[in-house]
Amino acid sequence: MRKSITICLLLLPATLIQLWIMFTGIFSSIEQSLGYIPTAGLTEISRDYYRELLADPTFWRSLLFSLYTALFSSGLSVGLGLGLAGLMAANFPARFSAQQWFKLPIIVPHLVAVFLIMVTLGNAGLVDRLLHFAWGPGVRLPNLTMDPWGLGIILTYIWKSAPYAAFILYTFLRNTDPRLIATARNLGASPWRAFWHVLVPLLKPALGGCFILIFAYNFTAFEVPFLIGPTYPKALPVLAYTYFLNPDSEARAYAMAINSLLLLFSLFPIWFFQRCWQNESKEGS
Amino acid sequence: MKFWSKAFLVLALALLALPFAGLLLWSLAGEWPWPQLVPATVSFRGWTAFAAMAEKFLEAIVTSGLLSSAVTLLCLLVSLPAARALAYYQFAGKRLIEIFFISPLLAPVMSIAMGVHMQFIRLGLADTLPGVMLIHLFSCLPYGILILRDALLAVGSQWEDQAKVLGASRWQAARYIVLPLLAPGLVAASVMVFIVSFSEYILTFIIGGGKIVTFSLLIFPYLQGGDRNISSVLSIIFLLVILLWILVLELLARRYTGQGRFFHL
Numbered sequence: 001m002r003k004s005i006t007i008c009l010l011l012l013p014a015t016l017i018q019l020w021i022m023f024t025g026i027f028s029s030i031e032q033s034l035g036y037i038p039t040a041g042l043t044e045i046s047r048d049y050y051r052e053l054l055a056d057p058t059f060w061r062s063l064l065f066s067l068y069t070a071l072f073s074s075g076l077s078v079g080l081g082l083g084l085a086g087l088m089a090a091n092f093p094a095r096f097s098a099q100q101w102f103k104l105p106i107i108v109p110h111l112v113a114v115f116l117i118m119v120t121l122g123n124a125g126l127v128d129r130l131l132h133f134a135w136g137p138g139v140r141l142p143n144l145t146m147d148p149w150g151l152g153i154i155l156t157y158i159w160k161s162a163p164y165a166a167f168i169l170y171t172f173l174r175n176t177d178p179r180l181i182a183t184a185r186n187l188g189a190s191p192w193r194a195f196w197h198v199l200v201p202l203l204k205p206a207l208g209g210c211f212i213l214i215f216a217y218n219f220t221a222f223e224v225p226f227l228i229g230p231t232y233p234k235a236l237p238v239l240a241y242t243y244f245l246n247p248d249s250e251a252r253a254y255a256m257a258i259n260s261l262l263l264l265f266s267l268f269p270i271w272f273f274q275r276c277w278q279n280e281s282k283e284g285s
Numbered sequence: 001m002k003f004w005s006k007a008f009l010v011l012a013l014a015l016l017a018l019p020f021a022g023l024l025l026w027s028l029a030g031e032w033p034w035p036q037l038v039p040a041t042v043s044f045r046g047w048t049a050f051a052a053m054a055e056k057f058l059e060a061i062v063t064s065g066l067l068s069s070a071v072t073l074l075c076l077l078v079s080l081p082a083a084r085a086l087a088y089y090q091f092a093g094k095r096l097i098e099i100f101f102i103s104p105l106l107a108p109v110m111s112i113a114m115g116v117h118m119q120f121i122r123l124g125l126a127d128t129l130p131g132v133m134l135i136h137l138f139s140c141l142p143y144g145i146l147i148l149r150d151a152l153l154a155v156g157s158q159w160e161d162q163a164k165v166l167g168a169s170r171w172q173a174a175r176y177i178v179l180p181l182l183a184p185g186l187v188a189a190s191v192m193v194f195i196v197s198f199s200e201y202i203l204t205f206i207i208g209g210g211k212i213v214t215f216s217l218l219i220f221p222y223l224q225g226g227d228r229n230i231s232s233v234l235s236i237i238f239l240l241v242i243l244l245w246i247l248v249l250e251l252l253a254r255r256y257t258g259q260g261r262f263f264h265l
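Protein chains in written order, with my numbering: chain A, 1 to 285; chain B, 1 to 265.
It is possible that part of the hints are untrue.
[To be verified] Calculated pairs, DSSO-like style, for lysine-lysine (alpha carbon to alpha carbon, straight line, at most 30 Å): (1) K103(A) to K6(B); (2) K211(B) to K56(B); (3) K234(A) to K164(B); (4) K94(B) to K204(A); (5) K2(B) to K204(A); (6) K103(A) to K3(A); (7) K3(A) to K2(B); (8) K94(B) to K6(B); (9) K204(A) to K6(B); (10) K211(B) to K103(A).
[Unchecked claim] Over the 10 Å line for every Cβ pair with chain B, so calculated as not near, a few chain A residues: (11) K3; (12) I7; (13) H110; (14) R129; (15) P137; (16) Y241; (17) Q274.
[Stated by the list, open to error] Where chain A lies over chain B, by a calculated footprint (3+ residues, C-beta under 8 Å): (18) 45-57; (19) 123-137; (20) 192-200.
FYI, nobody ran anything at the bench for these hints, they're computed from the structure.
Fair warning: this is a prediction, and the values are worked out from it, not measured in the lab.
Quick reminder that beta carbons are idealized off the backbone N, C-alpha and C, glycines included.
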């Protein structure tokens, strides 16, 4: 009995703060998306805002654009991160400190990362100049700002998240039993086969967890697509924000309708993460 | 095979480090016509522009630094008990509460902030420092709780129990046993939470309404505007402030525990 009181008291402060903000945020978003905004003189509950939003091609283009940039950036980040982690483990098995380099992009905020990517990988950036120096004229890198394909967004996210994924996966790799690989190699597996058929299945929960965390962030984050993304289609959070800033009170209802849909959509990453995690603890025990 | 794997690693590390070289070059570049590899002339234009507006920027840096430090402290105070419950106790619904604590990392925090904004107006929290601190705290809590939970799991509760068995008071056990053992975790959590809060732009803007001017808020239009000299200088200052915070925490932790190098940066 005393134990459960202790547990409750320990959990109480964090739970109360988080529950309050989350509940108010979600409730108020839904309320306003249904047209109940008394401060703006709207008191009539209706589904019209959703109906009009879902009939608007701008919304669907934005949704697809956000999904596309988030999927590509998180998929490529995890793939590259896995490759990096694997190669690090194979080449520098004893040098644990080497992975510290992967922490570097963590201290760089997204708004600075956007600028870094522009001057490095963009048109007339460092790599563009290096390519020109090495191969002469003919090869030019594209301009990354306002690019309708969202290359700048994807590259910025990869630069931020691939090292992070590598860092996490490398830590997991170091904690797996090296004898498993040795056994596979003894039985005649090539390094590649041992990696793909022994290590990757072991890492599956970590890979899934990494992927969904990066995906969820990239799908709903505002700064990067706002700074470097195209004006059409806008990423979904940027579209919501544009409506939010619009002084027209009905625009606010549209913003809240987008927010409510984003919140509804986030049930998927939460479910997915939960599943990866369950597998991990099952295999752990 | 061996060659290619090394080459890939070197390329990856180069792409990791190259942007920082670009940052330094652009902060000091005068004329830099395409396709030259290095700037043609050196200029301190970005730095003098910063010096001319130094007062405005310093004010924002101080605001940001204090705000994020306060958020970090609050976050650790709230996270530590929760992390303790998750690390050392078994109870029904533990998995559910863990998912609940992680969920802000998987949900659109910006959408929640836009919704909360209306309630904050009613409560008088919109456009105020406490309001901004609350929303920062909300977005930082998962980092605090997860990092401290892992740190507590790594330490284990046995040392604390041992100290108590040997007659140490609750406070003595906390001060002389738990704190030094937990120092690396506390430093890691403080660094992460500070970075998240210090880098935050959109939540500060939505809840602060432009009245609370943090460093991120102030440099945002410059990074958007495209003057590469000034953008580079501001980015460098931003990174320096974060590095300074990491250094201070390391030194503090070293003073209290007699060991150092926790964040390794």
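Structure-based check of all given hints:
no.: 1; hint: K103(A) to K6(B); in the structure: holds (20 Å)
no.: 2; hint: K211(B) to K56(B); in the structure: holds (14 Å)
no.: 3; hint: K234(A) to K164(B); in the structure: violated (59 Å)
no.: 4; hint: K94(B) to K204(A); in the structure: holds (23 Å)
no.: 5; hint: K2(B) to K204(A); in the structure: holds (26 Å)
no.: 6; hint: K103(A) to K3(A); in the structure: violated (39 Å)
no.: 7; hint: K3(A) to K2(B); in the structure: violated (56 Å)
no.: 8; hint: K94(B) to K6(B); in the structure: violated (44 Å)
no.: 9; hint: K204(A) to K6(B); in the structure: holds (25 Å)
no.: 10; hint: K211(B) to K103(A); in the structure: violated (33 Å)
no.: 11; hint: K3; in the structure: violated (7 Å)
no.: 12; hint: I7; in the structure: violated (5 Å)
no.: 13; hint: H110; in the structure: violated (7 Å)
no.: 14; hint: R129; in the structure: violated (5 Å)
no.: 15; hint: P137; in the structure: violated (8 Å)
no.: 16; hint: Y241; in the structure: violated (7 Å)
no.: 17; hint: Q274; in the structure: violated (5 Å)
no.: 18; hint: 45-57; in the structure: violated (count 0)
no.: 19; hint: 123-137; in the structure: holds (count 3)
no.: 20; hint: 192-200; in the structure: holds (count 4)
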